Amino acid sequence: MIIQQLRNIGINSTVLQVLGFASIGGSIATWNLRRLSGDAAHAERFGIFIGLWAPTFFIMANEAATQEKAEQIGS
Numbered sequence: 264m265i266i267q268q269l270r271n272i273g274i275n276s277t278v279l280q281v282l283g284f285a286s287i288g289g290s291i292a293t294w295n296l297r298r299l300s301g302d303a304a305h306a307e308r309f310g311i312f313i314g315l316w317a318p319t320f321f322i323m324a325n326e327a328a329t330q331e332k333a334e335q336i337g338s
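The opening residue of the sequence shown carries number 264 in the numbering used here; numbering runs sequentially from there.
Worth flagging that the hints you see were computed from the coordinates, not collected in a lab. There's no promise every hint is true.
Stated by the list, open to error - The calculated label-pair distances, taken between Cβ atoms and stated as ranges, are:
id, residue 1, residue 2, range
1, GLU331, ASN295, 15 to 21 Å
2, ALA328, HIS305, 32 to 38 Å
3, GLY288, ASN325, 31 to 37 Å
4, ARG298, ILE265, 44 to 50 Å
5, ASN295, ALA333, 39 to 45 Å
6, GLN330, ALA292, 40 to 46 Å
7, GLN335, ILE311, 33 to 39 Å
8, THR319, LEU296, 43 to 49 Å
9, LEU296, THR329, 34 to 40 Å
10, GLY337, ARG308, 41 to 47 Å
11, GLU307, ILE336, 44 to 50 Å
12, ASN295, MET264, 36 to 42 Å
13, ASN275, ARG298, 14 to 20 Å
14, VAL281, GLU307, 24 to 30 Å
All figures in this text were calculated on a predicted structure; none of them were measured in a lab. For glycine and all other residues, C-beta sits at the position ideal for the given N, C-alpha and C.
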């Protein structure tokens with residue numbers, strides 16, 4: 264249901280995969296930038312928090328790709 268709503272507004276599996284990789288990069292960047300500001304403990308926690316988004320985006324991308332493939336076969 265959520266995947267279908269995302270696809271209705273134009274978010275397909277490719278966009279979700281890019282978001283997954285962006286969250287990995289964002290996690291590393293956030294950790295490094297926060298660590299340099301002197302708050303190492305908070306930097307680590309915040310970097311891990313952002314990094315945890317990646318599996319969610321990849322799972323949603325996989326489901327969206329499955330639905331896209333099913334629609335192509337059905338057409």
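Results of checking the hints against the structure:
{"no.": "1", "hint": "GLU331 <-> ASN295: 15 to 21 Å", "verdict": "35 Å, violated"}
{"no.": "2", "hint": "ALA328 <-> HIS305: 32 to 38 Å", "verdict": "36 Å, holds"}
{"no.": "3", "hint": "GLY288 <-> ASN325: 31 to 37 Å", "verdict": "20 Å, violated"}
{"no.": "4", "hint": "ARG298 <-> ILE265: 44 to 50 Å", "verdict": "34 Å, violated"}
{"no.": "5", "hint": "ASN295 <-> ALA333: 39 to 45 Å", "verdict": "41 Å, holds"}
{"no.": "6", "hint": "GLN330 <-> ALA292: 40 to 46 Å", "verdict": "32 Å, violated"}
{"no.": "7", "hint": "GLN335 <-> ILE311: 33 to 39 Å", "verdict": "37 Å, holds"}
{"no.": "8", "hint": "THR319 <-> LEU296: 43 to 49 Å", "verdict": "23 Å, violated"}
{"no.": "9", "hint": "LEU296 <-> THR329: 34 to 40 Å", "verdict": "36 Å, holds"}
{"no.": "10", "hint": "GLY337 <-> ARG308: 41 to 47 Å", "verdict": "45 Å, holds"}
{"no.": "11", "hint": "GLU307 <-> ILE336: 44 to 50 Å", "verdict": "45 Å, holds"}
{"no.": "12", "hint": "ASN295 <-> MET264: 36 to 42 Å", "verdict": "37 Å, holds"}
{"no.": "13", "hint": "ASN275 <-> ARG298: 14 to 20 Å", "verdict": "35 Å, violated"}
{"no.": "14", "hint": "VAL281 <-> GLU307: 24 to 30 Å", "verdict": "25 Å, holds"}
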